[in-house]
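Q: In case you want the letters, here they are:
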Amino acid sequence: MHAPRNETYLNATVGIRSWLLTTDHKRIALLYFAGITFFFFVGGMAATLIRLELITPQPDLGSPDFYNRLFTMHGIIMVWFFLIPSIPTTMGNFILPMMIGARDLAFPRLNLTSWYLYMAGGTITIIALLLGGVDTGWTFYEPYSTFYATGYIILAVFGIFVSGFSSILTGLNFIVTVHKLRAPGMTWYRLPVFVWSTYATSLILVLATPVLAMTLLMLLAERVLHVGIFSPQLGGDPLLFQHMFWFYSHPAVYIMILPSMGVISEVVPCFSSKPLFGYEFVVWCSIAIAAIGFLVWGHHMFVAGQSLYASLAFSFLSYLVAVPSAIKVFNWIATMHEGWIRFDAPMLYAFGFIGLFTIGGLTGLFLAALAVDVHVTDTYFVVAHFHYIMVGGAVMGYFAGLHYWWPKITGRLYPDYWARFAAILAFFGFNLTFFPQFILGYLGMPRRYQSYPPEFQIWHVLSSAGASILAVGYALPLFYLLWSILRGPRASANPWGATGLEWSTRSPPPPENFDVTPTVIRPPYEYDRGVPCMQAKNG
Amino acid sequence: MAERMLGIQYSTLAQERETVTLGMWAFLATEVLFFGALIAAYLNYRIWFGAEFIAAAKMTKVVLGTINTAVLLTSSACMAMAVSTRDGGGRRAPVLWLIATALLGLMFIVIKGYEYSLEYQEQLVPALNFDVARHGGVAEIFFMFYFCATGLHALHLLIGICLVSWLAFAIGTDRLRPGSTTRLIGLYWHFVDIVWIFLFPLIYLAGRNG
Amino acid sequence: MSGRLILRCWLALVVLLALTTASAFVPLGSANLFISLGIAFAKALIVLLFFMELKTSAALVRVFAAAGFFWLMIMIALTSADYTHRTDQPVPLDRTAG
Numbered sequence: 015m016h017a018p019r020n021e022t023y024l025n026a027t028v029g030i031r032s033w034l035l036t037t038d039h040k041r042i043a044l045l046y047f048a049g050i051t052f053f054f055f056v057g058g059m060a061a062t063l064i065r066l067e068l069i070t071p072q073p074d075l076g077s078p079d080f081y082n083r084l085f086t087m088h089g090i091i092m093v094w095f096f097l098i099p100s101i102p103t104t105m106g107n108f109i110l111p112m113m114i115g116a117r118d119l120a121f122p123r124l125n126l127t128s129w130y131l132y133m134a135g136g137t138i139t140i141i142a143l144l145l146g147g148v149d150t151g152w153t154f155y156e157p158y159s160t161f162y163a164t165g166y167i168i169l170a171v172f173g174i175f176v177s178g179f180s181s182i183l184t185g186l187n188f189i190v191t192v193h194k195l196r197a198p199g200m201t202w203y204r205l206p207v208f209v210w211s212t213y214a215t216s217l218i219l220v221l222a223t224p225v226l227a228m229t230l231l232m233l234l235a236e237r238v239l240h241v242g243i244f245s246p247q248l249g250g251d252p253l254l255f256q257h258m259f260w261f262y263s264h265p266a267v268y269i270m271i272l273p274s275m276g277v278i279s280e281v282v283p284c285f286s287s288k289p290l291f292g293y294e295f296v297v298w299c300s301i302a303i304a305a306i307g308f309l310v311w312g313h314h315m316f317v318a319g320q321s322l323y324a325s326l327a328f329s330f331l332s333y334l335v336a337v338p339s340a341i342k343v344f345n346w347i348a349t350m351h352e353g354w355i356r357f358d359a360p361m362l363y364a365f366g367f368i369g370l371f372t373i374g375g376l377t378g379l380f381l382a383a384l385a386v387d388v389h390v391t392d393t394y395f396v397v398a399h400f401h402y403i404m405v406g407g408a409v410m411g412y413f414a415g416l417h418y419w420w421p422k423i424t425g426r427l428y429p430d431y432w433a434r435f436a437a438i439l440a441f442f443g444f445n446l447t448f449f450p451q452f453i454l455g456y457l458g459m460p461r462r463y464q465s466y467p468p469e470f471q472i473w474h475v476l477s478s479a480g481a482s483i484l485a486v487g488y489a490l491p492l493f494y495l496l497w498s499i500l501r502g503p504r505a506s507a508n509p510w511g512a513t514g515l516e517w518s519t520r521s522p523p524p525p526e527n528f529d530v531t532p533t534v535i536r537p538p539y540e541y542d543r544g545v546p547c548m549q550a551k552n553g
Numbered sequence: 010m011a012e013r014m015l016g017i018q019y020s021t022l023a024q025e026r027e028t029v030t031l032g033m034w035a036f037l038a039t040e041v042l043f044f045g046a047l048i049a050a051y052l053n054y055r056i057w058f059g060a061e062f063i064a065a066a067k068m069t070k071v072v073l074g075t076i077n078t079a080v081l082l083t084s085s086a087c088m089a090m091a092v093s094t095r096d097g098g099g100r101r102a103p104v105l106w107l108i109a110t111a112l113l114g115l116m117f118i119v120i121k122g123y124e125y126s127l128e129y130q131e132q133l134v135p136a137l138n139f140d141v142a143r144h145g146g147v148a149e150i151f152f153m154f155y156f157c158a159t160g161l162h163a164l165h166l167l168i169g170i171c172l173v174s175w176l177a178f179a180i181g182t183d184r185l186r187p188g189s190t191t192r193l194i195g196l197y198w199h200f201v202d203i204v205w206i207f208l209f210p211l212i213y214l215a216g217r218n219g
Numbered sequence: 575m576s577g578r579l580i581l582r583c584w585l586a587l588v589v590l591l592a593l594t595t596a597s598a599f600v601p602l603g604s605a606n607l608f609i610s611l612g613i614a615f616a617k618a619l620i621v622l623l624f625f626m627e628l629k630t631s632a633a634l635v636r637v638f639a640a641a642g643f644f645w646l647m648i649m650i651a652l653t654s655a656d657y658t659h660r661t662d663q664p665v666p667l668d669r670t671a672g
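Residue numbers (the numbering used here), protein chains in the order written: chain W, 15 to 553; chain V, 10 to 219; chain L, 575 to 672.
Please note that a few of the clues may not be correct.
[Unchecked claim] Quick list of in silico lysine to any residue cross-link-like pairs, SDA-like style, CA-CA up to 20 Å:
| hint | chain 1 | residue 1 | chain 2 | residue 2 |
| --- | --- | --- | --- | --- |
| 1 | L | 629 | V | 37 |
| 2 | V | 70 | L | 593 |
| 3 | V | 70 | L | 607 |
| 4 | L | 629 | V | 217 |
| 5 | V | 70 | V | 189 |
| 6 | V | 67 | L | 608 |
| 7 | V | 67 | L | 593 |
| 8 | L | 629 | V | 189 |
| 9 | V | 67 | L | 629 |
| 10 | V | 70 | L | 629 |
[As the list claims (entries may be wrong)] Listed next, with one range per pair, are the computed distances between beta-carbon atoms:
| hint | chain 1 | residue 1 | chain 2 | residue 2 | range |
| --- | --- | --- | --- | --- | --- |
| 11 | V | 99 | W | 31 | 22 to 30 Å |
| 12 | V | 22 | L | 630 | 18 to 26 Å |
| 13 | L | 579 | V | 171 | 25 to 33 Å |
Since the hints were derived computationally from the structure, they do not count as laboratory data. Just so it is clear, CB atoms sit at the ideal spot from N, CA and C, and this is done for glycine as well.
Work out the full structure: start from the sequences and follow the hints.
A: Right under this line is the structure:
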């Protein structure tokens, strides 16, 4: 059934009910996008206040208790309400069905339910934070969080618990979709890497999040009933909580990075005008990262009191998990080698990703070494490490994908120069913010401290200065992307000359994605034939 | 009965059937990890605390637990009969088997409730009246696991009873079109049974000798 | 799934139940746990293969079914790597705290 020439998923039906009750994966993606953007800036506000506070060694912006609530809020919001959903629920929802040639996800109504669960969980948590927040850190370690902490822990934890089901259902939807709804000719080895990455991410969503659900439930039981399952009062072991918590939370960081890696695997071949180097390796490394990522969680507990035997096992396994990530980095670089590079905004973000993720990954190896970790754990070294991966990596990947698929999603082009400027600004701002933190941590500055000895101040000042630049780099897209929706030039179906199925339909796409279900006849990334060869027969 | 409308994402009925079946199994996998996390915590405490933890299990009601296990296993057999007779195109037989399933499920809940009342009388309920001085802190932790695990299981069972009852009504009043619904609800019911199959020995059979 | 097969499965399940309860009262030390879990696995397999029709399902369905259990085994194995190697002793109950 052909949609009229000017009918897109945006204008096919009108009215607020057609958006809030939609089952169209593209509209749901935009609903998520609104929530994601909101939470990003809420978490960013908390980060701004933290960096303002840390400019001077003394407390400036309130009590230590207030500071504790600030970094807790930053962690909870950024981890659960921005990073984990970010790429899967926006670009995954929008682009994945199109990439495989499907008209929607396997379970569209479940998809909408996922969004409502996400918004409900987010609302509950925001209310908890507005009422006064939580001061336990985003990790809710027991028995502090259950017996001694004041604050709205029950509410905040319940909000996270609810949003966890959003994750589970989204992952379930993606997995089943990739297995069953691929277009004719779309074999597994013809799938773009973004699909493989999202699939690997979904495996983690489905297998790890339920453990978080149970952990949070037991935390709530302990806090509400005052019976210490994990607390020393009855002889319980606080470390058991940590085992259960990190069994989820370590794979969770791979939920955050794998989709970004998938984006990079799309952007780099397109803007190098070369096929992805070592496709099978990249694909299986995504799966390997997801699988091995489940085996390393104890590296968060090296100094917590777990047995030395377990620590040795986890240390060894943590070294192992770096290998597939490194292979991917080599493959991206090999893709660029002797390619014809275009320096559009998506590619600039991809460059940033590769460099910053590498630094973050290497420092992860430092932390995996038991002897080093004893020295730098719970210092700013760890903070710098994970921000290099999550911000330098995951967020850069998010912006890369945003800039890459924006013309497809909105049908508009954004101003070139502003986009590249924002990318470069963010890169410099990021490094100025977080590199000094490696030094701080190595010199002994503990994390989660409001006040500190004066000899650390110079590094904190540099870091806060960088944060102000980074903030501008993140704020700029708000303006020029919004501008592009209102006044930007209209985009063609394939403004970048890319090869995926999503580029074979118009921008913005019609409600059912394709006028005719495509038939796939080629592998992805065939950029080396002079003219980009689209995967679809009629593309 | 009217022709069933296929969602736009499907091209054939067979594809839809296979897809929803996979979806249900994926959901059950998440439930395995959900209950499994609790069981993993239990097992680790059993290793770490040793004899004291196992001794606490002796205070559970093994006769009632065994009866309840038999009840649930029988309910699964009834559910399997419901799926089998529904496959054959029947209406009356599946409804009767579904009602039997739901009734057995209710019987489980009643017996469980009775068990809980006994535990309340014996001061074994954490946060309410657990006698720590007499039984010890480790026993209280054991009973927290007991109530959490059996409570969550009972909640899942109640949801199953509602689903099965709705299904019996829908088939009986001819509101349900032929499809995978009975089979899918059957998968859920059998899974709740499997959870209990594992909970039973862990909770009731520990420390029964010596 | 014929009625006869279901009946036979049910009988097997009930027999296994009697076996597991009875064996719990026989003092076999740490073997008791493994026996009861082994019987539980057997019961679960009967339910999975016959009642849930995994025996006649597509390979992909069986992979999905196995995945959850497999991942659970990972969790149990690696956490018990900690608890089986602890050298400390549990702290005696101190009801004066908290």
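Q: Please go over all the hints and tell whether each is borne out by the structure.
A: Now the hints, each set against the structure:
1. 629(L) with 37(V): holds (17 Å)
2. 70(V) with 593(L): Since the Cα atoms of residue 70(V) and residue 593(L) sit roughly 17 Å apart, the hinted pair holds (cutoff 20 Å).
3. 70(V) with 607(L): Roughly 18 Å separates the two Cα atoms, so the pair holds.
4. 629(L) with 217(V): Roughly 35 Å between the alpha carbons, so the hint for residue 629(L) and residue 217(V) is violated.
5. 70(V) with 189(V): violated (38 Å)
6. 67(V) with 608(L): Within the cut-off at roughly 18 Å; holds.
7. 67(V) with 593(L): Between residue 67(V) and residue 593(L) the Cα gap is close to 18 Å, so the pair holds against 20 Å.
8. 629(L) with 189(V): Holds. Residue 629(L) to residue 189(V) sits at ~18 Å (cutoff 20 Å).
9. 67(V) with 629(L): violated (37 Å)
10. 70(V) with 629(L): Roughly 35 Å separates the two Cα atoms, so the pair is violated.
11. 99(V) with 31(W): 22 to 30 Å: For residue 31(W) against residue 99(V), whose Cβ atoms are near 41 Å apart, the range 22 to 30 Å is violated.
12. 22(V) with 630(L): 18 to 26 Å: At roughly 19 Å between Cβ atoms, residue 630(L) and residue 22(V) fall inside 18 to 26 Å, so the hint holds.
13. 579(L) with 171(V): 25 to 33 Å: holds (28 Å)
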